[in-house]
Amino acid sequence: MKTVLSVEDMSVTFALHQSEVHAVREMNFSLSEGETLAVVGESGSGKSQAFLAIMGLLAKNGQAGGRAMMGDINLIGMAPRQLDTHRGKDIAMIFQDPMTSLNPTLKVKTQLSEVLVKHRGFDQRKATMAAVEMLERVGIPEPVKRANAYPHELSGGMRQRVMIAMALLCQPKILIADEPTTALDVTVQAQMLDLFKTLTDDFGTSLVLITHDLGVVAGVADRMMVMYGGRAVEKGTVDDLFYDPRHPYTLGLLHSTPHIAHRTARLDPIQGLPPSLEHLPKGCSFNPRCAFAFDRCLAERPPLADTGNGREKACFYEGPMAYGKVA
Amino acid sequence: MFGYVTRRVLSAIPIALIAVTACFFILRLAPGGPFDGERALPPTTLANLRAHYNLDLPLIQQYFIYVWRLLQGDFGPSMVYNDFTVAEMLWIGLPFTLMLGFSAFIIGTIVGLVAGALSAVNQNKWPDYVLVLLVMIGLVVPNFLMAAIMQLVFGVYLDWFPAGGWQAGSIPHLVLPITVLVLPHAGRTARLMRGSMIEVLGTNYVRTAKSKGLGQRLILARHAIKPALLPVVSYLGPGLSYLLTGSLVVEQVFALPGIGKYFISAALNRDYGLVLGTTILYMFIILAVNLLVDIIYAWLDPKVRYS
Amino acid sequence: MAGITGKDAVLTEYAQRLETLDAPKGRSLTQDAVRRLARNKAAVVSIFVVVFIILFAFVGPYFLPWTYDKIDWTGIRKPPNFEAGHFVGTDQNGRDMLARIMQGTQMSLIVAGVATLVSVCIGIIYGAVAGYFGGKVDAVMMRFVDIMYALPYILFVIILVVMFGRNPVLLFVGIGCLEWLTMARIVRGQTLSIKEREFVEAAKAGGAKPWTIITRHIVPNLTGPVVIYSTLTIPEIILTESFLSYLGLGVQEPQTSLGTLISFGSPVAETLPWMLIGPAVVLVSLLLALTYIGDGLRDALDPKDR
Numbered sequence: 145m146k147t148v149l150s151v152e153d154m155s156v157t158f159a160l161h162q163s164e165v166h167a168v169r170e171m172n173f174s175l176s177e178g179e180t181l182a183v184v185g186e187s188g189s190g191k192s193q194a195f196l197a198i199m200g201l202l203a204k205n206g207q208a209g210g211r212a213m214m215g216d217i218n219l220i221g222m223a224p225r226q227l228d229t230h231r232g233k234d235i236a237m238i239f240q241d242p243m244t245s246l247n248p249t250l251k252v253k254t255q256l257s258e259v260l261v262k263h264r265g266f267d268q269r270k271a272t273m274a275a276v277e278m279l280e281r282v283g284i285p286e287p288v289k290r291a292n293a294y295p296h297e298l299s300g301g302m303r304q305r306v307m308i309a310m311a312l313l314c315q316p317k318i319l320i321a322d323e324p325t326t327a328l329d330v331t332v333q334a335q336m337l338d339l340f341k342t343l344t345d346d347f348g349t350s351l352v353l354i355t356h357d358l359g360v361v362a363g364v365a366d367r368m369m370v371m372y373g374g375r376a377v378e379k380g381t382v383d384d385l386f387y388d389p390r391h392p393y394t395l396g397l398l399h400s401t402p403h404i405a406h407r408t409a410r411l412d413p414i415q416g417l418p419p420s421l422e423h424l425p426k427g428c429s430f431n432p433r434c435a436f437a438f439d440r441c442l443a444e445r446p447p448l449a450d451t452g453n454g455r456e457k458a459c460f461y462e463g464p465m466a467y468g469k470v471a
Numbered sequence: 086m087f088g089y090v091t092r093r094v095l096s097a098i099p100i101a102l103i104a105v106t107a108c109f110f111i112l113r114l115a116p117g118g119p120f121d122g123e124r125a126l127p128p129t130t131l132a133n134l135r136a137h138y139n140l141d142l143p144l145i146q147q148y149f150i151y152v153w154r155l156l157q158g159d160f161g162p163s164m165v166y167n168d169f170t171v172a173e174m175l176w177i178g179l180p181f182t183l184m185l186g187f188s189a190f191i192i193g194t195i196v197g198l199v200a201g202a203l204s205a206v207n208q209n210k211w212p213d214y215v216l217v218l219l220v221m222i223g224l225v226v227p228n229f230l231m232a233a234i235m236q237l238v239f240g241v242y243l244d245w246f247p248a249g250g251w252q253a254g255s256i257p258h259l260v261l262p263i264t265v266l267v268l269p270h271a272g273r274t275a276r277l278m279r280g281s282m283i284e285v286l287g288t289n290y291v292r293t294a295k296s297k298g299l300g301q302r303l304i305l306a307r308h309a310i311k312p313a314l315l316p317v318v319s320y321l322g323p324g325l326s327y328l329l330t331g332s333l334v335v336e337q338v339f340a341l342p343g344i345g346k347y348f349i350s351a352a353l354n355r356d357y358g359l360v361l362g363t364t365i366l367y368m369f370i371i372l373a374v375n376l377l378v379d380i381i382y383a384w385l386d387p388k389v390r391y392s
Numbered sequence: 192m193a194g195i196t197g198k199d200a201v202l203t204e205y206a207q208r209l210e211t212l213d214a215p216k217g218r219s220l221t222q223d224a225v226r227r228l229a230r231n232k233a234a235v236v237s238i239f240v241v242v243f244i245i246l247f248a249f250v251g252p253y254f255l256p257w258t259y260d261k262i263d264w265t266g267i268r269k270p271p272n273f274e275a276g277h278f279v280g281t282d283q284n285g286r287d288m289l290a291r292i293m294q295g296t297q298m299s300l301i302v303a304g305v306a307t308l309v310s311v312c313i314g315i316i317y318g319a320v321a322g323y324f325g326g327k328v329d330a331v332m333m334r335f336v337d338i339m340y341a342l343p344y345i346l347f348v349i350i351l352v353v354m355f356g357r358n359p360v361l362l363f364v365g366i367g368c369l370e371w372l373t374m375a376r377i378v379r380g381q382t383l384s385i386k387e388r389e390f391v392e393a394a395k396a397g398g399a400k401p402w403t404i405i406t407r408h409i410v411p412n413l414t415g416p417v418v419i420y421s422t423l424t425i426p427e428i429i430l431t432e433s434f435l436s437y438l439g440l441g442v443q444e445p446q447t448s449l450g451t452l453i454s455f456g457s458p459v460a461e462t463l464p465w466m467l468i469g470p471a472v473v474l475v476s477l478l479l480a481l482t483y484i485g486d487g488l489r490d491a492l493d494p495k496d497r
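Residue numbers (the working numbering), protein chains in the order written: chain L, 145 to 471; chain U, 86 to 392; chain S, 192 to 497.
Bound-form chain L, shown alone (with noise of 0.2 Å):
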């Protein structure tokens, strides 16, 4: 399958006061054409500062190294300029906070219709309509009076279908999802998910979906990649990752999501705190947490490697691995 996205050795550093954070370090990564891969990982995992460095939205500290390369262009270090004729018309981008992501002053209309005029040269009362168009499709009861509105006067589940129709307008290759459900009530959630995966394959838009609940990634995913400490730890289809994770995190964050069809089984959540990135452990940044840690994960850290059946794990432990009940 056609490749749409390909991420290579890329990297995001923040400058603080006197020191530097690195909050991504070496990532990887490909995004074929119609796609979906998740990637999941704690907050403070790197897994947002990643793909606001793709989109160009770090903030003002933060600098991005490496590649990304979107055909044969490199989105990385591209002149803000340059990088307009490509945000919001290639590749876009949803928020996690659908009640602060809307310009309050504005009409959902304006917000709408000015993606077209921008990147498509519709003229206005074209763009209105076709933004119109886009609410129905995003499932917006009465999309005229809609667009009409204020984003206030609407409900957190409507503002982001509203999201969703503002960035799906231009058809985009590849859409970010920033924790798109995360702000909204469960049953909303289920719908969000469900618009999502209808959309994007009408559109035969890739789709990555940052998340850290897991619940999402198995209705909507293809492949899944880990994050942790700012790396990739493990990569694979979901069903892989899910039904035999080889990472020890990936195996916690597993048995850390509660399971409405098994509710006896017991939760067991992983011990301790994300890392600081300022003060990651020397070794294998998941060391201190890990109950299948050992001597070479203290003292070295292990590379993201290919196990085969086009897998990736970032861990030197080989053995079996039954959370919770390790002698």
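In case anyone wonders, no lab produced these hints; they're calculated from the structure. Some hints could be false.
Taking lysine-lysine pairs in the PhoX-like style, the calculated list, with each CA pair at most 25 Å apart, reads [what the hints assert, rightly or not]:
hint, chain 1, residue 1, chain 2, residue 2
1, L, Lys251, U, Lys311
2, S, Lys400, U, Lys210
3, U, Lys311, U, Lys388
4, L, Lys233, L, Lys251
5, L, Lys233, L, Lys270
6, L, Lys146, L, Lys341
7, U, Lys388, L, Lys204
8, L, Lys251, L, Lys289
9, U, Lys388, S, Lys232
10, L, Lys289, U, Lys388
11, S, Lys327, S, Lys400
12, U, Lys210, L, Lys289
13, L, Lys233, L, Lys204
14, U, Lys210, U, Lys346
15, L, Lys146, L, Lys233
16, U, Lys210, L, Lys204
17, L, Lys204, S, Lys232
18, L, Lys251, U, Lys388
19, S, Lys327, S, Lys386
20, S, Lys400, S, Lys386
21, L, Lys289, L, Lys270
The structure presented is a predicted model; accordingly, all values stated were derived computationally and were not measured.
Position chains U and S against the provided structure of chain L, taking the given hints into account.
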């Protein structure tokens, strides 16, 4: 929107009334009167004078007479300048004060907004540092000192502009007074605008706009300016108060024929009628501008309109 | 679960390290704010400037050969003369300018201190009462503040000062009465959130009277915003005082204040520049330093990227 404007206009009326009442009673309850001159007046003359100005009536009756006349545009007689009514004197000074005040207000607001926005967009680069420094000067140099410095430097040493006085229609005479009024107003406005613009540029919705590839110019013009203006606009009401207060000094220092000059001399002479008239007039101007500001605010912030 | 390598030991060690590393987070908000303030160079320099000006105003006069009201008949309208002890010259009445500047600074600082205190007290009580009782009381009280905001209140002070005579005490109180509005708004906002907290509930349940709750439980929790706001108020008040003094409505001769000195100095600045430069420099540096301290405090307690 129309309903909102009507409601605001209606609610301004009781405020105006309260303000008039407060001024009236504060002045009348204060000891000392316009006839407590150096030389004691003969009792009969004093009684006649008091009767002439209705000062012998019960206070409450004086109040109603005053309000009734005020509604007809009559501010009553001046107690010191016998040949003029207060309304006549205010009519002479008002156009000038309004012209001076509003020119400075408009120029200062525009300069402040532009400077603040530029400063925010170039945060921590040299244009920002230069502007922040200029703003600081505008903020901490009191207007009377600034007036003296301007007079001395541009009026006397460099002799670019007249150092004071007024000839009808002469713009050079206005340059220094307006500059003195503009500086602090522009400074405060710029400071607010800078802060709120920086805040807005860091919001999620500006990030969304960036992610849509809109380009900096469109983001600033459409997405950032309106919300950034909100706190600045709510400052404009008090800002005008400051500015008109400043015009008291400026009219005095530059010997300009506005109502500010009357106000100081009337206050010193305890000319009730004139002090009251001037205060009320200032208040009406400020209330009117506040009303305008409220309406602009509602236009900027859709949430206000519907509440 | 021991893990293969004695994970417990590793975890304990890591936890200890975390504790030491995370120590800054555990520090109190105040310590944090002080640390940030100390890093703000402009604020630190400004604090030194203000301390210097205070010493200058209150201790300085003891080191001068002349007092602020002593007339030197041999030195009227004279430029700086070190031999006669007039370090920055004399005024039209032969009084030593440096002594007068010191006295004027003293007066401005005292007025600022007292007026700030008055405004803080009124503002806290008004705001706390409005916020605590809420509902109609709050609506009416805050509407009143809105109205006052809209009025040119300096006109009121001018009227008051003129009508009651030029009494310094009245000047303090009058200026204090000007500046409490913003404080009242801030305090009200804080009170609204504090009164929902558990310890207020507990006090109510214990049968404490509203006044006791306000003074014992709410006001002590307002320290942070009150301190910042007071700092921001002081320069405003110094400015107001100098404005009134400039108009001739302030303190009376032979006492003086920075505004009065400037008002006497500016008409003669062309011929006797030392009469304007001295007080102007002191006033501007005082205001500048206070503004920087206020900004620094605000940024330190509310660390947003400004």
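Determine which of the earlier numbered hints do not hold for this structure and return their numbers in increasing order. Hints 2, 7, 9, 12, 14 contradicted; others consistent.
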